[in-house]
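Visitor: Sequence:
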Amino acid sequence: MAGKSALRRGRRASGLFAIVAVTVAVAAPLAGADEPDPGAPVADSVAGADASADAFYDPPAGYESEAPGTILKSRPIVAKALELFPVNAQAWQLLYRTTDADGSPYAAVTTVLIPDGPAKPRPLLSYQMAYDSIARDCMPSYSLQYSSPLDLLDPAKQSGYALPPWEMAFAASGLAQGWAVAVPDPGGIDDRFLTPRVMGYTTLDGIRAAQNFAPLGLPGADTKTALWGYSGGGIATSWAAELQPDYAPELNIAGAAIGAPVADLGAALHSANGRLLGGLIPIGVAALEKDSPAVAARLDSYLTPTGQGIVAAAGYQCVARNVAANLMLTVPTLLNAPLDTVLADPVIHQAIAERSHGATTPAAPVYLYNGVNDEVSPIGPVDALVQNYCAHGASVTYTRDAFPDVISDHTIVDVTGAGGAFAWVQRALSNPQPVQPAGCTTTTVASTLLDPAGLAALPDFAAGTVETMLGQALGAGR
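To convert, note that position 356 of the sequence shown is 356 in my numbering; the numbers rise steadily by one, no gaps.
Because the hints were derived from the structure by calculation, they are not lab data. What you were told as hints is all true, and nothing was included just to trick you.
Pairs of lysine-lysine, BS3-like flavour, derived with a Cα cap of 30 Å:
| no. | residue 1 | residue 2 |
| --- | --- | --- |
| 1 | K120 | K80 |
| 2 | K290 | K157 |
| 3 | K80 | K157 |
So the derived label-pair ranges between C-beta atoms look like this:
| no. | residue 1 | residue 2 | range |
| --- | --- | --- | --- |
| 4 | T441 | G309 | 41 to 49 Å |
| 5 | A294 | P338 | 16 to 24 Å |
| 6 | V347 | G62 | 33 to 41 Å |
| 7 | P437 | V406 | 29 to 37 Å |
| 8 | G471 | A67 | 35 to 43 Å |
These numbers were taken from a predicted model, which means no experiment stands behind them. A virtual CB, placed ideally from N, CA and C, is assigned to each residue, including glycine.
Sequences and hints are given; from them, build the entire structure.
Guide: Spelled out as structure tokens, the structure:
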């Protein structure tokens with residue numbers, strides 16, 4: 001008994017250590033080299049060069065005729081967590097055929113990982129990361145290999161450092177459970193962040209590609225799969241959950257954990273105005289401009305000279321540098337007209353409306369969590385999204401976190417809500433029955449950090465982070 005008590009104390013201490021590490025990260029050994037699928041040739045790449053010079057991202061001629069989810073290229077890689085620690089697991093990247101917003105052929109990359117050891121059937125976690133950028137160097141597939149904290153100090157590295165390696169600490173919790181993990185680039189090879197439907201298509205086709213990649217050993221479409229993402233990752237996850245019934249009905253989606261999905265982009269622009277994460281506003285504007293010359297022309301007509309420079313920089317910088325350079329950014333700095341006037345412009349209004357969620361309903365069970373005081377994903381539109389899902393027959397467990405907005409509620413709930421989301425995903429992938437009954441439940445809590453299920457799962461959730469930092473093999477033998 002004494003030994004077991006000591007073990008529990010050690011795991012709790014590890015959990016506390018991991019929370020501290022991840023909180024600091026948000027606020028501010030090697031992969032195996034198994035032979036890839038012979039049908040998916042390994043392409044030459046330029047190690048450490050900017051992603052635009054990496055030929056791996058160039059789809060081969062004729063790829064348009066392939067089915068969505070078809071692997072076009074593959075390569076073994078070493079993924080890093082917390083920008084520093086090589087993840088001790090087998091890892092590859094897959095370039096695959098997917099679909100653009102207008103239904104035309106497109107391509108994307110996903111990073112797939114399994115615990116060290118023989119390939120075998122196992123559940124799959126598709127973890128969508130909040131990279132929040134339209135620059136290719138900031139995409140998960142690139143930054144998980146090459147991003148470094150020193151990038152923020154390097155003037156030659158215009159993009160700064162990216163967030164995905166920090167979020168790898170969350171994804172590693174799945175590896176520690178013995179699951180396969182897929183981390184897609186939701187914007188595809190052109191990094192189309194916020195483009196309607198694209199982030200869902202790339203996520204779903206990334207799952208198809210992972211299922212088809214022989215070295216993972218997954219049982220094809222029978223693979224039990226869960227989706228998880230927060231903020232920008234929550235946007236991709238909600239798109240995937242909504243599109244899956246029609247676009248990829250063969251997938252065995254056990255559930256989708258969706259955090260802070262920014263259900264209404266216009267409301268988010270209002271809410272983030274003048275707040276700590278105001279630097280997200282120019283990222284949204286740059287993403288809108290990238291998608292459409294007509295939208296770009298209208299938005300440019302409303303930008304101040306200072307705003308034009310800020311939005312131009314947002315086009316090549318990663319989110320950390322954008323936010324750090326634009327703390328408490330206010331709309332009058334960017335725009336020469338009131339925000340309501342800009343949002344009422346017919347061209348811009350249509351572009352915003354196309355990015356709203358809820359046009360279709362997820363068939364898989366949903367766990368959705370959002371801060372009541374979230375300054376980036378305002379609670380009102382998320383409440384309305386849940387009501388819409390439920391009115392159309394979805395199964396939703398909705399947790400509203402009422403913790404006060406001390407610094408950045410959006411950032412705090414990312415960390416405090418992760419334990420409950422992980423516990424829910426854990427149940428979804430381990431139980432033969434559906435993770436929750438039909439119907440909807442809504443609960444408002446003082447803090448998601450106090451979620452009993454999340455606290456119970458904390459040792460398992462934290463293990464991936466701690467084991468990653470210690471260079472231990474994640475999920476070996478599981």
